[in-house]
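**Q** Sequence:
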Amino acid sequence: MTGAAEMGIQPLLQADARAAAEPCRSVEMRASPEPMTGRPARRAALLGVAGAALGSHAGLRAIQVRPDGAAFTSGAAPSAPLVRAAGAREEPAARPRRGGGVRRLAARSVVGTGSVAVAPAACALVAAAVGAAQRRRGARRAAAAGPRARARCAAVAEAAATSEAPCPESVTEGPMPGRYDFEVVERDLYTWWESRGFFRPEVADSMPPGPDGPKPYVLPMPPPNVTGRLHMGHAMFASLQDVLARFHRMYGHRTLWLPGMDHAGIATQMLVERQLASEGTSRQAVGRDAFLERVWAWKEEKGGAIVEQLRRIGASCDWTREQFTLSEHMTGAVIEAFVRLHEMGAIFRGQRMVNWSPVLQTAVSDLEVEYAEQNGFLYHFKYVVAGADGQPEDEHIPVATTRPETILGDSAVCVHPEDPRYQHLIGREVLVPMQGRRIPVIADEYVDREFGTGALKITPAHDFNDFEIAQRHDLPFHVVIGLDGSISNSVEELGSPQYVGLDRAECRRKLWADLEAEGVALKTEDHLQRVPLSQRSGEVIEPMLSDQWFVSTEDMAQRAMDAVESGDIRIQPERYKKIWRGWLQEKQPWCISRQLWWGHRIPVYYPTNKPGSDRYFVARSEAEALTQARQELGDDVELRQDPDVLDTWFSSGLWPFTTVGWPDESADDYKTFYPATMLETGYDILFFWVARMVMMGLALTDRSPFSEIYLHGLVRDEKGQKMSKTKGNVVDPLESIAVYGTDALRFALLTSSVPGVDTPLGKGMLDNAKSFANKIWNVGRFIITEYEKSEGSRTGAYTTGMSFTEEEFKAMPWPERAVISKLHGLVQNVTQALMDNSFAPPTKALKEFVQEDFASWYLEISKTRLQEHLGGDAASAEGAISQRVLLYALEVSLKLLHPFMPFVTEAVWQRLPRGESAAPSLMISPWTESNSGALVRDEGAEGWYTKMCNLVSQIRNTRAEHNIPPKERVPLTFWCDDAAFQEALQAESSAMAWLARADAERIEVGAFGGRGTAAEGVVRTVVSEDLEVDMPVPEAAVDVEKEVQRLTKQLDWITGQLESTEKKITPSFLEKAPPFARDKVLQKKEELSQQKVAVAGQLEELRQTQGQPARRDVLAGLALGAMFASSPAARANVGEGDVLPQGARQEDRIRKGADAWKKLGEKLTTTQVSDDEWTNTQGFLRRLYGLNDDMSYLARGFKGDKRKGAEKLIESFKKQVKQADKPAKAKDLEKFMTFHKEITGYLNNFTDMLSDVVEDLAFEVEDVDIV
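Last residue of the sequence shown: number 1267 in the UniProt record's numbering, and the count goes up by one each step with no gaps.
Because the hints were derived from the structure by calculation, they are not lab data.
Fair warning: there could be bad hints in the mix.
Just the calculated beta-carbon pair ranges, DEER-fashion [as the list claims (entries may be wrong)]: (1) 570 <-> 718: 30 to 38 Å; (2) 727 <-> 1100: 48 to 56 Å; (3) 446 <-> 495: 26 to 34 Å; (4) 570 <-> 522: 26 to 34 Å; (5) 1229 <-> 727: 13 to 21 Å; (6) 376 <-> 641: 37 to 45 Å; (7) 622 <-> 518: 51 to 59 Å; (8) 1001 <-> 977: 22 to 30 Å; (9) 578 <-> 1056: 48 to 56 Å; (10) 575 <-> 177: 41 to 49 Å; (11) 913 <-> 1009: 33 to 41 Å; (12) 1100 <-> 810: 38 to 46 Å; (13) 1226 <-> 727: 48 to 56 Å; (14) 452 <-> 287: 49 to 57 Å.
List of simulated lysine-lysine pairs, PhoX-like, C-alpha gap at most 20 Å [unchecked claim]: (15) 1214 <-> 775; (16) 1237 <-> 1225; (17) 1231 <-> 763; (18) 1063 <-> 1158; (19) 1084 <-> 844; (20) 727 <-> 1163; (21) 1225 <-> 1202; (22) 382 <-> 587; (23) 1158 <-> 1049; (24) 578 <-> 382; (25) 1208 <-> 1218; (26) 1152 <-> 1163; (27) 1202 <-> 847; (28) 1063 <-> 1084; (29) 1218 <-> 1202; (30) 1084 <-> 847; (31) 1222 <-> 1204; (32) 1049 <-> 1064; (33) 1202 <-> 1222; (34) 1163 <-> 1225; (35) 1152 <-> 1222; (36) 1159 <-> 719; (37) 1152 <-> 719; (38) 1158 <-> 1215; (39) 1237 <-> 722; (40) 775 <-> 810.
Even glycine gets a Cβ: it sits at the ideal position worked out from N, Cα and C.
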């Protein structure tokens, strides 16, 4: 609290403690004797602490900071509910909502205010929001103001972190509704997390250390542009990094996720230049200083919106340490880095090729150049051979170019030294068309003899490859295209003055016309070419020779390569090591100067009054430069600073170490948090940013800036296409959050995230993720409700953090042991996956456990322990054990899920019964494995659990095959070869009866060897080689031939799946796959093998009855259609109806119909549509309409809202298909394709529903689990 005392706010904190006992009082403290006018960081600091204090006791009703900032007052609120900024118009407060909170605090009503008054019910939340918002703005301004202001903000954050503001009532109070309302939860929770200081690494001091101690875990955030708006790329990196930050924080590591913003030189300058242009002026007209003032004003007013948007995605960054690349500290660090690198001899000024933007009037980096496929021409012309007297001869060399205007700057014609066509001309001269200049014919092995004419024109000043050739052959450089893209005056000296001043494109047309007139042109031909375009301004980039500042990367690149090769830095995925080496081996000079005004001005100074002097001075300040210059050039020397600024990638290349205090290597943050641990970013900037950070870090700190590099892919649409506005397939993350919630968006992205691979994202994935969030909520609601119902009758209490001893575990019934054992296996797998930076496999494993093993199976079993109408008793010993298992499994599942879905997990966890020593938030509660010691397992019980799930799934499908109503309780006889499992089934007969909707009084278990032949009227279902079940079914006529065909097809499918699975089990897979992925595939192989044997046996038995009267006991194999749903993931709640096994056929027809429909659209739009094709299209529509029967059939197996949604979708589908018939008859292609697009969407949405709701007819062996 030293910082708080220095600021004069320690009395405030003490007053807050006194005020807690006096809820309705006013507190006034003088924070500092000095005025605070113009000191936003301090006002933000005071109000931040006030917000934290006010949030801790609802009696305080208002916060007041006088305009001079000298006093702090808290007292009664006015009657009207307002959020008021001092000196500003009054604005109505946000609408109140249940739980006493407010729906939203408008940032512009809170950030920067000096006075806030709110309705009493909203007081605590407003206080926390004001505190957080003020600190955010204050921290950003303080970042630009220097280290003193940042220290103050850190002290305030430290003080705020000591407050005891409770979790918002909107999250914790009132009954849990039937659906998860993310709008109620997300904003309030995030504000509370931030106001409590949970995002700061210092929070680790209040947590138990992890298994490997409280070591630092540091994630530097790739700084988004200050001009940026959240897109899916940001959502992806924020989700991935937040998973790592939250996991390592819970694991006990001192976690720092360090955020910030990049000043975005070109993008920001362009925005302000456009503003000036709209006012009828320009930056040149207003001057540099005035222009920079405008840019800073824009940045303060509108810049940094993306920071707030990152909060919407749930980013748990330490915002008190937020950095900006143009802050005072960062600017000083950048200058220091330039000076040191220059002193090392790594920075030099020289002429090199650059990407020049004529519109922006600056060099741009390779990353700011986009290539587009454009139709153009290849221009063939003659280079006439010159005689000894310089006159043209009859012989010529044919040359082709896509840019005739560059002929004016040619310095040579180049051929391969072994090309027999031109060997006799090597060393001769040719004449430049329209100039008559003589240039040499040279030989270089760079030329490809087989490509084109085998001869190249060399324009060294306007082509990167030509520049390299010219250097090897000592050719002259002629810059013939000026900075504005027009032909320069230099062509006059070269012999073609008629082209001076023409635009590049205009010159091309005129020059080619002149060549044709002179008889030098040979031909033009169509040519598809890759054209470099400026990412920012869109015009064609001009490769140009220019005087610029460069970094020599020779030594730095080698050190960066060595760091990866030695293992000092690990790259995921590993295949990018080759790309890393390939890029760095080139060791090209890096152009770091930009002809802009917004950015870090190059710290180089030139004498202005010493004619003939070519000296320049590199210094940390103008005063230091002047001292150097006077020593060399005399006391009268005058200096001017280089007008250029540094490339944005130069300053961001220093990010990992400058953000923690460098060049002050004694700074606490630098000593604690450098080097960083993980650098997570997109693979597309591996070279542009990541490699440069490594090079700069090694050069300036002599250490690798981080030890791990994780590269994520691009986010694409559900078809794998790049998102673009022109395609209309852009998915806006903020819109997605508004519709689906933050957790759903994060989970949808993470479920498909594989390092280095692009991630598809579609509506179906978002729907599924939203459904899963709701499932988590409802699982929690059921468990918490059952626990609350038993209050007063239960024998023991449960609080968060409790676990089971080995003795308690062994004493449990076997289903409880199985669930806990599976959960403990999940803990181990998820922990290891996150340690390995693996994201998709744990999301799938977590969803499978929570949604299937836990929710669909054990929750149903627990009802037989707790609910009286099923024979349960919550007050019994068995009921108490079940409740403890439910609460324990829920809490551990919430912890495992929290890094992926932070909001819904925190909202549920906050309602769990908690002890006095419990953490205030799930996000700082210890990770399960880090504090529970050995995680007990019982693999035998797990095996029984899987068998039981398979068994019940088979029974349900047999019931469905024979149309047995869900309410009808049937007798069952189990035939089991495993004596222990026989006893297990008998012990859980009541649970089996409930799950299978059977008659508990008529369940029998017998030895497998004594089963004999099934009785008349009984169908025998084969579950596995050693487990069968008999069930009486009603009489029904059976088409034996049809069933043989079905089982044959089923056997072929199983065989194919088995072969496919076996192919994946390679030595490499067994060695490299994560353990749980490997075990899953091996288990799948075993299941498929058993199913193949069982189906083949039943098929053979059925074939023997063909041509004979069929007995239903022989037709037991009919129920084997359920093999397609025999995975333990089969759903348990059959009361509302299951999807029937025959659904495989319906689904197949729907998917094939959808594919054919898409192909029809492609055909109609790419060919001339004939009358016959329109007639066929009408027939297609009638067949397509028939799919609604298949869709309706499958929808019978959907449940709740999913079923309603499917029924609504089917009705819309039918309507659209009917309406599409009209434009088909009218042969109106444009209108028909509008319907085609909508119908395609309905088909896609329905198949997406099937992926989530219906058990897929494939045994799921996800490739992502094997990566």
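**Q** Each hint needs a verdict: does it hold in this structure or not?
**A** Each hint tested on the structure:
no.	hint	verdict
1	570 <-> 718: 30 to 38 Å	holds (32 Å)
2	727 <-> 1100: 48 to 56 Å	holds (53 Å)
3	446 <-> 495: 26 to 34 Å	holds (28 Å)
4	570 <-> 522: 26 to 34 Å	violated (55 Å)
5	1229 <-> 727: 13 to 21 Å	holds (20 Å)
6	376 <-> 641: 37 to 45 Å	holds (42 Å)
7	622 <-> 518: 51 to 59 Å	holds (56 Å)
8	1001 <-> 977: 22 to 30 Å	holds (25 Å)
9	578 <-> 1056: 48 to 56 Å	violated (35 Å)
10	575 <-> 177: 41 to 49 Å	holds (48 Å)
11	913 <-> 1009: 33 to 41 Å	violated (50 Å)
12	1100 <-> 810: 38 to 46 Å	holds (44 Å)
13	1226 <-> 727: 48 to 56 Å	violated (28 Å)
14	452 <-> 287: 49 to 57 Å	holds (50 Å)
15	1214 <-> 775	violated (30 Å)
16	1237 <-> 1225	holds (18 Å)
17	1231 <-> 763	violated (25 Å)
18	1063 <-> 1158	violated (32 Å)
19	1084 <-> 844	holds (16 Å)
20	727 <-> 1163	holds (19 Å)
21	1225 <-> 1202	violated (35 Å)
22	382 <-> 587	violated (37 Å)
23	1158 <-> 1049	violated (27 Å)
24	578 <-> 382	violated (43 Å)
25	1208 <-> 1218	holds (16 Å)
26	1152 <-> 1163	holds (16 Å)
27	1202 <-> 847	holds (18 Å)
28	1063 <-> 1084	holds (13 Å)
29	1218 <-> 1202	violated (24 Å)
30	1084 <-> 847	holds (18 Å)
31	1222 <-> 1204	violated (29 Å)
32	1049 <-> 1064	violated (23 Å)
33	1202 <-> 1222	violated (31 Å)
34	1163 <-> 1225	holds (17 Å)
35	1152 <-> 1222	violated (24 Å)
36	1159 <-> 719	holds (15 Å)
37	1152 <-> 719	holds (17 Å)
38	1158 <-> 1215	holds (19 Å)
39	1237 <-> 722	holds (19 Å)
40	775 <-> 810	violated (30 Å)
Going through the hint list in order, the structure does not satisfy hints 4, 9, 11, 13, 15, 17, 18, 21, 22, 23, 24, 29, 31, 32, 33, 35, 40.
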